[in-house]
Amino acid sequence: MKTHDKAHEPLLHIVKRSAPVWWRAWLIRVIAVVAALIFSGVISFLLTGKNPIEIYATMLDGAFGTERRIWNLFQALAMLLCVSLAVTPAFKMRFWNIGAEGQALIGGFAAAACMLKIGDALPNYLLIPLMIICSVVAGAVWAVIPAFFKAKWGTNETLFTLMMNYIAIQLVSYFVQIWAVPAGSGKIGTINPNTMAGWLPEIFGQKYLLNIIIVVALTVLMYIYLKYSKHGYEISVVGESENTARYIGINVKKVILRTMLLSGAICGIAGLLLVAGTDHSITGDTVAGRGFTAIMVSWLAKFNPIYMIVTSFIIVFLQKGAGEIATTLGLNHAFSDIITGIIIFFIIGSEFFINYSIKFREKEAQTK
Amino acid sequence: MIAAFIQRAIMQGIPLLFGSTGEIITEKSGHLNLGIPGIMYVGGISGVIGSFFYQHSVEQMNPVLAVLIPFGCSLLGSLLMGLIYCFLTVTLRANQNVTGLALTTFGIGVGNFFGGSLTKLSGTGATSIELTQASIYFKTTFPFADKLGWVGTIFFSYGFMVYLAVIIALVAAYVLKRTRIGLQLRAVGENPATADAAGINVNRYKYVATCAGSMIAGLGGLYYVVDYMGVWSNDGFGDRGWLAIALVIFAVWRPNVGILGSFLFGGLYIVHTYIQIPGFGIAEQELFKMLPYVVTIIVLVVTSIREKRESQPPASLGLAYFREER
Chain A
24 MKTHDKAHEP LLHIVKRSAP VWWRAWLIRV IAVVAALIFS GVISFLLTGK
74 NPIEIYATML DGAFGTERRI WNLFQALAML LCVSLAVTPA FKMRFWNIGA
124 EGQALIGGFA AAACMLKIGD ALPNYLLIPL MIICSVVAGA VWAVIPAFFK
174 AKWGTNETLF TLMMNYIAIQ LVSYFVQIWA VPAGSGKIGT INPNTMAGWL
224 PEIFGQKYLL NIIIVVALTV LMYIYLKYSK HGYEISVVGE SENTARYIGI
274 NVKKVILRTM LLSGAICGIA GLLLVAGTDH SITGDTVAGR GFTAIMVSWL
324 AKFNPIYMIV TSFIIVFLQK GAGEIATTLG LNHAFSDIIT GIIIFFIIGS
374 EFFINYSIKF REKEAQTK
Chain B
51 MIAAFIQRAI MQGIPLLFGS TGEIITEKSG HLNLGIPGIM YVGGISGVIG
101 SFFYQHSVEQ MNPVLAVLIP FGCSLLGSLL MGLIYCFLTV TLRANQNVTG
151 LALTTFGIGV GNFFGGSLTK LSGTGATSIE LTQASIYFKT TFPFADKLGW
201 VGTIFFSYGF MVYLAVIIAL VAAYVLKRTR IGLQLRAVGE NPATADAAGI
251 NVNRYKYVAT CAGSMIAGLG GLYYVVDYMG VWSNDGFGDR GWLAIALVIF
301 AVWRPNVGIL GSFLFGGLYI VHTYIQIPGF GIAEQELFKM LPYVVTIIVL
351 VVTSIREKRE SQPPASLGLA YFREER
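Just so you know, the protein sequences line up as chains A and B, in that order. All you need for the working numbering is the position in the first sequence, starting with 1, plus 23. All you need for the working numbering is the position in the second sequence, starting with 1, plus 50.
Derived by calculation from the structure, the hints in this document are not laboratory data. Mixed in with the good hints, there may be bad ones.
Distance windows between CB atoms, simulated [unchecked claim]:
#1 A:F62 with B:A248: 35 to 41 Å
#2 B:S283 with A:S380: 43 to 49 Å
#3 A:N274 with B:I231: 42 to 48 Å
#4 B:T244 with A:W45: 35 to 41 Å
#5 B:I348 with A:A203: 27 to 33 Å
#6 A:Y79 with B:M51: 54 to 60 Å
#7 A:N147 with B:I355: 42 to 48 Å
#8 B:I231 with A:A203: 50 to 56 Å
#9 B:Q110 with A:R91: 23 to 29 Å
#10 A:Y256 with B:T244: 30 to 36 Å
Here a beta-carbon is modelled for each residue, glycine too, at the ideal position from N, C-alpha and C.
Chain A on its own, in the form it takes in the complex (with noise of 0.2 Å):
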């Protein structure tokens, strides 16, 4: 806020808007998009010279040109999707679970090490339930100790997660090296190509659809646990008032580590997702950022699963479209970064106009 030194009353100042209006939400919301994409288009102007429209007509091409580009999208939408309903029961509660990337990673090397090791010795209706529970176990596991370490002595949650993403991207990698295919390659390449011992089935001869119903069916099922069950509504209350839960009788420890092992569950799922009905392969950075991204989806949308849809929607359209614009032109593919990047700076900013409104001095609003 800006203060003047000799005026006895701000120039500006900043009132909280008592309630905030859906529609007044939504223009606002709206013209941020609009504007972030005004901008996008000038900065793309600035650096490749080409006209803004012919540069939104490549990107609705690269999001949408073909089938199997239509594919690519629902299926990138679907992932980065599954993990934002991950973090989501986290955030509500105020529990900086940024560690959704190595829970996920995590999820995917319990996946793929089932793949590797037993995939020859049991049939796959029995291998793809076993991958399930190594992969959810695996990704609990990783988001509880985080959570454990909170309810337990307080520690700082955003930095534990953090920390957590490193350590399972390391390890990934050490078992990456051990059992790399071929050996010594130093990389693990399509897991059991001809026998397909471990891959998601394909529905309607769609590689991806099965991702896309497991995800669509886990944003219902967010949705109605947020919003109706019990669990949901003590984690809204203690994510608003750690003190009013405790003196509600919640017990503020347990659902700080059952939302954890929840929020890790899923992550566990995304990353089988990733593993055996994607890339039937695994690496480092399988899960190439969304951990983060989901945090950024999560959040614009209010922590609401159906809003997410819209939100993780416009990301994975930006990158794919971004990503045509620079394969087009030669350039570097980190071009949808810096689109995205944009795009959220301005809805981040946009939320202040939601919950704010800014009073000009009397004087200076009637000399205006």
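Place chain B on chain A using the hints.
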């Protein structure tokens, strides 16, 4: 060999030291800036861009300008990043974690985009970003370093930015602990409402601390590119930005502890290349790279269990301050 190891450990540690000193100053004002990794990329690439255009616009490079231009560009680039973060989190009170992560996405994107496309965009016909010449100036060290044997190797064999990093950390430690400005800054980070009531301009402190922190952190990226590597490679900076944030915890929010911590982390980062035990291969190196993070978690847990008041994070770390919401 031990002298060479210490030398390399220090050189590896310096980007972390810049990053963590910057982050400590930022966190002392109550802002957890998770954008530091992105800011360090931008600091690096801004310097590269400055150096690149200077190199291509003149025939003969002036040593002073060859150092000052990248240095200035780097500071400017990271200052802009710091301002974006401040405007969103301080003025618009946005969530710090989300803003920081978006800043990291953006910053790494900027770094890799220009790193990968600079030669194409500039139209100079250059095939790669060569910083050889500027790098030589940055690496200029004490002329007597060679003559002093291992003492020279350990203490006098670096470019000026290494000494700058240590000096900045020491000054930051002094300012935070011993001066009025430092006291007021810590008050802002611990309890902004109280600081506000005491007549401290909370927002100004937050802005200055975060921007100064960003600029210092950005120098870490610059050092890595022009001095340590001498060439830009995409994603070459790796996860050092996060390691710098880990170092903040390891140093329990004290820049002077951060100096030793950064050398230790630097050592842990490269120690695997010095271990020659049979059966210790590439795979085990990956496990070794885990060590800095494991050590950080242990420090984090131990400090939270011991509840020693001096070694806690600033009390209002991560919370936006709004005067009317007290």
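Structure-based check of each hint:
In this structure the supplied range 35 to 41 Å holds for A:F62 paired with B:A248, their Cβ-Cβ distance being about 40 Å. A hinted range of 43 to 49 Å for the beta carbons of B:S283 and A:S380 is consistent with their spacing of about 48 Å. Taken as a hint, the range 42 to 48 Å holds for the pair A:N274 and B:I231, whose Cβ atoms sit roughly 44 Å apart. For B:T244 and A:W45, the hinted distance range of 35 to 41 Å is satisfied, since their beta carbons lie about 37 Å from each other.
Distance hint check for B:I348 and A:A203: the Cβ-Cβ separation is about 31 Å, which falls inside the suggested range of 27 to 33 Å. Distance hint check for A:Y79 and B:M51: the Cβ-Cβ separation is about 58 Å, which falls inside the suggested range of 54 to 60 Å. One distance hint, 42 to 48 Å for the beta-carbon pair A:N147 and B:I355, holds here, with the actual separation near 46 Å. As the Cβ distance of B:I231 to A:A203 is approximately 54 Å, the hint placing it in 50 to 56 Å holds.
With their beta carbons about 53 Å apart, B:Q110 and A:R91 fall outside the hinted range of 23 to 29 Å. In this structure the supplied range 30 to 36 Å holds for A:Y256 paired with B:T244, their Cβ-Cβ distance being about 34 Å.
Figure legend: structure checked against the earlier numbered hints; the only hint not met is number 9.
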